[in-house]
Amino acid sequence: MAQPPIGEGVVVDVPATTANLGPGFDCLGAALDLNNRFELRVVEGGVDRFDLHIEGSEGTHLRGGPDNLIYRSAQRVWLEAGCEPVGLEARVRLAVPPARGLGSSAAAIVAGLIGANALIGDPLGREKLLELAIAIEGHPDNVVPSLLGGLCLTAKTAVPNWRVMRCEWRDTVKAVVAIPGIRLSTAEARRAMPRSIPIPDAVTNLGSLTLLLRGLRTGDGTLIHDGMHDRIHEPYRWGLIQGGREVRQAALDAGAWGCVISGAGPSVLALAPEDAAHEVGQAMVAAWEASGVSSRHAVLGLQHSGSAWTPLPGATPPAVSPPTPNPGPKRPVAPAAAGGARARSRGRQG
Numbered sequence: 002m003a004q005p006p007i008g009e010g011v012v013v014d015v016p017a018t019t020a021n022l023g024p025g026f027d028c029l030g031a032a033l034d035l036n037n038r039f040e041l042r043v044v045e046g047g048v049d050r051f052d053l054h055i056e057g058s059e060g061t062h063l064r065g066g067p068d069n070l071i072y073r074s075a076q077r078v079w080l081e082a083g084c085e086p087v088g089l090e091a092r093v094r095l096a097v098p099p100a101r102g103l104g105s106s107a108a109a110i111v112a113g114l115i116g117a118n119a120l121i122g123d124p125l126g127r128e129k130l131l132e133l134a135i136a137i138e139g140h141p142d143n144v145v146p147s148l149l150g151g152l153c154l155t156a157k158t159a160v161p162n163w164r165v166m167r168c169e170w171r172d173t174v175k176a177v178v179a180i181p182g183i184r185l186s187t188a189e190a191r192r193a194m195p196r197s198i199p200i201p202d203a204v205t206n207l208g209s210l211t212l213l214l215r216g217l218r219t220g221d222g223t224l225i226h227d228g229m230h231d232r233i234h235e236p237y238r239w240g241l242i243q244g245g246r247e248v249r250q251a252a253l254d255a256g257a258w259g260c261v262i263s264g265a266g267p268s269v270l271a272l273a274p275e276d277a278a279h280e281v282g283q284a285m286v287a288a289w290e291a292s293g294v295s296s297r298h299a300v301l302g303l304q305h306s307g308s309a310w311t312p313l314p315g316a317t318p319p320a321v322s323p324p325t326p327n328p329g330p331k332r333p334v335a336p337a338a339a340g341g342a343r344a345r346s347r348g349r350q351g
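Taking the working numbering, the leading residue of the sequence shown gets 2, the next gets one more, and so forth.
Among the hints, erroneous ones may be present.
To be verified - Derived CB-CB ranges, DEER-like: (1) P314 to R64: 40 to 48 Å; (2) M194 to P124: 18 to 26 Å; (3) P67 to E290: 39 to 47 Å; (4) R64 to E9: 20 to 28 Å; (5) Q283 to Q243: 16 to 24 Å; (6) R38 to E280: 27 to 35 Å; (7) G293 to V44: 39 to 47 Å; (8) P274 to I200: 30 to 38 Å; (9) G83 to V300: 39 to 47 Å; (10) T219 to L80: 42 to 50 Å; (11) S197 to A291: 31 to 39 Å; (12) E9 to S292: 45 to 53 Å; (13) I200 to L80: 37 to 45 Å.
Calculated directly from the structure, the hints in this document are not laboratory data. Where is the CB? At the ideal position from N, CA and C, for every residue including glycine.
All chains, please: the whole structure from these sequences, using the hints.
So, in C-alpha cells, the structure goes:
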C-alpha cells in the first residue's frame with residue numbers, strides 16, 4: 002500500500018441526529034443543531050493504536066483501542082484508498098450521551114470517515130463516504146443526515162444503490178428533544194420488534210410518512226400531527242422506555258403537534274410550534290421526573306450543512322483545503338442526477 006503525504010491532525014464537527022420521526026423507520030432522519038466535536042491526531046505506536054479521550058461528562062465509559070468505531074471507520078477509508086493505516090489519538094466532546102437515540106454511533110462513524118479521508122488529502126468523494134457510512138452502520142437513517150445535514154429520506158433502489166432525497170423543513174417547526182438519564186441500546190430496541198409486519202400497518206405508515214413530509218415542508222401542524230403515527234416499531238418500543246408514554250402525552254397536552262421516540266430511544270422527540278416549544282420541553286421533563294427519571298430538554302432547529310473538517314490548530318494541515326460547507330437544502334448533496342444522491346450499497350438495511 003502507498004502512503005500519501007499525511008497531515009498531523011484535523012477537527013471534525015458532526016451534528017447529532019434524530020431518526021424515524023415516527024413513520025420513517027430506517028429511512029428518514031434529520032440533523033439537529035447540536036454539535037459533536039472530534040479532534041483526531043496522528044500518533045506513533047503502530048497501526049492498531051487508537052487513544053480516546055472524552056472531554057466533559059458525556060460518554061466517559063467509552064474506550065479506545067483498535068475495535069473503537071471511530072478507528073474502524075477510519076481504517077475503512079485507508080483500505081478503500083489503498084493507504085497504510087496509522088495510529089490515532091482522538092479527543093471527543095459529545096453533545097449528548099451515547100445510547101440515547103440521537104445518533105452517537107453515526108457521529109462516530111462519520112467522524113472516523115471524514116477525519117481519515119482528510120488526513121490523506123480527501124481522495125474519497127462525499128458519495129463514496131456515504132456508501133461506506135451506510136455499509137458500516139447497516140441502515141442509513143442517522144448516518145446520511147449526519148454526513149450531509151438537513152432532513153434526508155434514503156431509499157434503496159432496484160439496483161444495489163441508495164438514493165438520498167433532501168426534504169424541506171419549515172423553520173417555524175421546532176424539534177423538542179427530551180434526553181433522559183437512562184440508556185437503551187439500538188440492539189435491544191431492534192430485538193423488541195417482530196420479524197414481520199402486517200400489511201395494513203405498512204400501508205398506514207406509508208400514508209403517515211406522506212402526511213408528515215408535507216407538514217414539515219409547509220409548516221402545517223395538522224398534517225404533522227396526523228403524520229406522526231407509526232405502527233412498525235413504536236408499539237413495540239414504548240414499553241422499553243420508563244415513563245415514555247407519559248412523556249409523550251405530556252408533550253401533546255402542552256401543545257406539541259406530535260411526539261415520537263427519537264431513533265431507537267430512549268430520548269423522545271416532539272415537533273411543536275416555536276411559541277410552544279419551551280413549554281413542551283418543560284412538560285416532558287416534568288413527566289419523566291414524575292416517573293422517577295432525570296432528564297433535560299433542548300429546543301433545536303435543523304442543521305443544514307452536515308459534517309465538516311478543519312485543520313487541527315497548531316498541527317501540520319493535510320495537503321488539501323477543507324471543502325466549502327453546504328449552505329442549506331437547496332444545494333445538491335452529492336454529484337448525482339437531479340433530485341437526489343446515489344451511493345452503491347454494500348450493507349444491509351435493518
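* Satisfaction of the hinted span 39 to 47 Å by the C-beta atoms belonging to G83 and V300 -> holds, 46 Å
* Lying within 45 to 53 Å: is that true of the beta-carbon distance E9 to S292? -> Check passed, 48 Å falls within 45 to 53 Å.
* How does the Cβ-Cβ distance of T219 and L80 compare with 42 to 50 Å: does it lie in that range? -> holds, 45 Å
* For the pair S197 and A291, does the Cβ-Cβ distance stay inside 31 to 39 Å? -> holds, 36 Å
* Do the beta carbons of R64 and E9 sit within 20 to 28 Å of each other? -> holds, 24 Å
* That 40 to 48 Å hint for P314 and R64 (C-beta), does it hold up? -> The hint (40 to 48 Å, Cβ to Cβ) is violated, given that P314 and R64 are roughly 26 Å apart.
* CB-CB spacing for L80 and I200 relative to the 37 to 45 Å hint -> Distance hint for I200, L80 holds at roughly 42 Å.
* Is the hinted range of 39 to 47 Å satisfied by the C-beta distance from G293 to V44? -> holds, 44 Å
* Asked: For the pair M194 and P124, does the Cβ-Cβ distance stay inside 18 to 26 Å?
  -> violated, 39 Å
* Should the hint that P67 and E290 are 39 to 47 Å apart at their CB atoms be regarded as holding? -> holds, 41 Å
* Kindly confirm whether 30 to 38 Å is satisfied by the beta carbon distance between P274 and I200. => holds, 35 Å
* If you check the beta carbons of Q283 and Q243, does the distance land in 16 to 24 Å? -> holds, 19 Å
Checked against the numbered hints given earlier, the structure breaks hints 1, 2 and satisfies all the rest.
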